[in-house]
Structure formats: structure tokens, C-alpha cells
Amino acid sequence: DAGVIQSPRHEVTEMGQEVTLRCKPISGHNSLFWYRQTMMRGLELLIYFNNNVPIDDSGMPEDRFSAKMPNASFSTLKIQPSEPRDSAVYFCASSVTGGDGYTFGSGTRLTVV
Amino acid sequence: QKEVEQNSGPLSVPEGAIASLNCTYSDRGSQSFFWYRQYSGKSPELIMFIYSNGDKEDGRFTAQLNKASQYVSLLIRDSQPSDSATYLCAVNDNDMRFGAGTRLTVKP
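As you go down the protein sequences, you meet chains A and B in turn.
Letter by letter, the first sequence follows residues 1 to 113 in this note's numbering.
Letter by letter, the second sequence follows residues 1 to 108 in this note's numbering.
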């Protein structure tokens with residue numbers, strides 16, 4: 001298995017631009033999670049899906065952030081408009097619901113200038 | 001908000017020593033506990049999970065859980081320089097919440 005695949009690996013964008021991060025979970029995993037990691041706040045859960053349905057989006061910082069999971073093999077996290085404070089590493093992780101731990105993707109390092 | 005607390009470190013131990021990493025959690029009803037290792041610039045990787053009170057051993061790693069004290073620990077025996085990383089404690093209650101991590105340095 002190729003693991004959780006995220007794209008792009010790095011993204012540099014100007015303030016005000018739209019950013020879309022992509023994730024392909026491990027085949028057969030039915031739970032998908034989006035995390036953001038910064039030095040100041042550590043690893044924060046933004047939103048998670050079970051069977052493609054958003055379950056808890058209480059971690060999404062504000063309306064500029066949105067996430068979708070149109071099918072079992074693809075999810076997006078969109079920031080519009082982006083701001084410098086959104087600069088962070090964004091991780092996608094997947095698991096079998098109730099399983100033993102999550103598998104993380106390699107992350108997307110986002111820099112908003 | 002459920003909380004997971006870790007000493008941020010850094011923790012420095014000599015090669016061959018035992019490294020002890022500690023974690024406390026706020027929700028007494030939590031049932032599943034995990035330790036992840038994260039090398040600099042890399043993603044977290046699962047190294048241990050524990051669900052029952054007591055010890056669980058896997059090679060050089062031992063996870064310890066005390067639900068009455070809401071305390072989880074990770075012991076690394078015969079520490080190696082390759083163990084130098086940040087160790088993240090996590091508690092899973094429908095979703096996984098992480099501590100801030102403890103940076104471990106193993107000096108040759």
C-alpha cells in the first residue's frame with residue numbers, strides 16, 4: 001500500500017489567494033482526519049470524516065477553512081482567502097474506525113506570504 | 001476541551017540509558033492511548049498503543065498506563081541516537097487528541 005498520499009508537499013502562496021490541499025487515504029480506511037501543526041500550538045485536529053461524512057469540524061479555525069470528502073478515496077481542505085497566520089504543516093491521516101491508531105501522510109507545508 | 005499534557009523537554013539521555021517520557025490526560029473516561037514518534041520534518045508514526053492498565057512491551061519500548069492516575073508513560077530501554085525525535089502522546093475518544101510532544105535527544 002502506498003500509504004496516505006498528500007499533495008502538494010510544499011505550497012507558497014500570497015495572502016488572499018485560495019489554497020487547496022489534497023489527500024488520498026489508505027484503501028479500506030473509512031475515517032479521515034485533517035490536522036494542522038505549528039510550533040506554538042502543536043498538532044491540532046481540524047475536522048474528521050467517517051464514511052465520507054463530516055463528523056466534527058469544531059477545530060476548523062474559521063469560515064475561511066472548508067473541507068470535503070466527495071468519495072472514499074479523496075478529500076480536500078480549502079483555505080479562502082489565505083492569511084499569513086495559516087502558515088503551518090497540514091497533515092491528513094486515515095484509519096479504520098475503532099482501529100489501532102492513525103496513519104499520517106507526509107504533510108503539506110504551507111507558507112502564506 | 002479534552003487535554004493531553006506532556007513535559008515539553010528537551011530530555012537528554014546518554015546512549016544506552018533508559019528514556020522515560022510521561023503524559024497525563026484530563027478525561028477520566030478515555031480508553032485508548034497512543035505514542036507516536038516524529039522525526040524533524042517528518043510525519044508522526046505510531047510506535048505503541050495501550051488500552052489496559054499495566055505495562056505493554058514491544059522490543060525496547062514499554063508503554064505504561066494507570067487509568068486511576070490518568071497517566072501514561074513510555075520507556076525506551078538501551079536508547080540509541082536514532083531514537084532522537086519528538087514523542088507525541090495521544091488519547092483517542094472518537095478522535096485523536098495529541099499532547100505538545102517531548103523532544104528527546106540521545107547523546108552518543
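Keep in mind the hints are simulated off the structure, nothing from the lab.
Don't take every hint at face value.
Pairs of lysine-lysine residues, derived as DSS-like cross-links and limited to a Cα-Cα distance of at most 27 angstroms, are as follows [what the hints assert, rightly or not]:
1) Lys78(A) to Lys68(A)
2) Lys24(A) to Lys78(A)
3) Lys67(B) to Lys56(B)
4) Lys107(B) to Lys24(A)
5) Lys107(B) to Lys67(B)
6) Lys68(A) to Lys107(B)
7) Lys24(A) to Lys68(A)
8) Lys107(B) to Lys78(A)
Have a look at the derived ranges for each label pair, beta carbon to beta carbon [said to hold, decoys possible]:
9) Asn51(A) to Gly29(B): 32 to 40 angstroms
10) Pro14(B) to Phe74(A): 28 to 36 angstroms
11) Met15(A) to Ala17(B): 32 to 40 angstroms
Cβ coordinates follow ideal geometry from the N, Cα and C atoms, glycine included.
Hints versus structure:
1. Lys78(A) to Lys68(A): Status holds; Cα separation ~9 angstroms.
2. Lys24(A) to Lys78(A): holds (15 angstroms)
3. Lys67(B) to Lys56(B): holds (14 angstroms)
4. Lys107(B) to Lys24(A): violated (38 angstroms)
5. Lys107(B) to Lys67(B): violated (33 angstroms)
6. Lys68(A) to Lys107(B): violated (45 angstroms)
7. Lys24(A) to Lys68(A): holds (12 angstroms)
8. Lys107(B) to Lys78(A): The hint is violated at about 42 angstroms.
9. Asn51(A) to Gly29(B): 32 to 40 angstroms: violated (24 angstroms)
10. Pro14(B) to Phe74(A): 28 to 36 angstroms: Violated - the Cβ-Cβ distance for proline 14(B) and phenylalanine 74(A), about 47 angstroms, lies outside 28 to 36 angstroms.
11. Met15(A) to Ala17(B): 32 to 40 angstroms: violated (47 angstroms)
In terms of the numbered hints stated before, the structure departs from hints 4, 5, 6, 8, 9, 10, 11, listed from lowest to highest.
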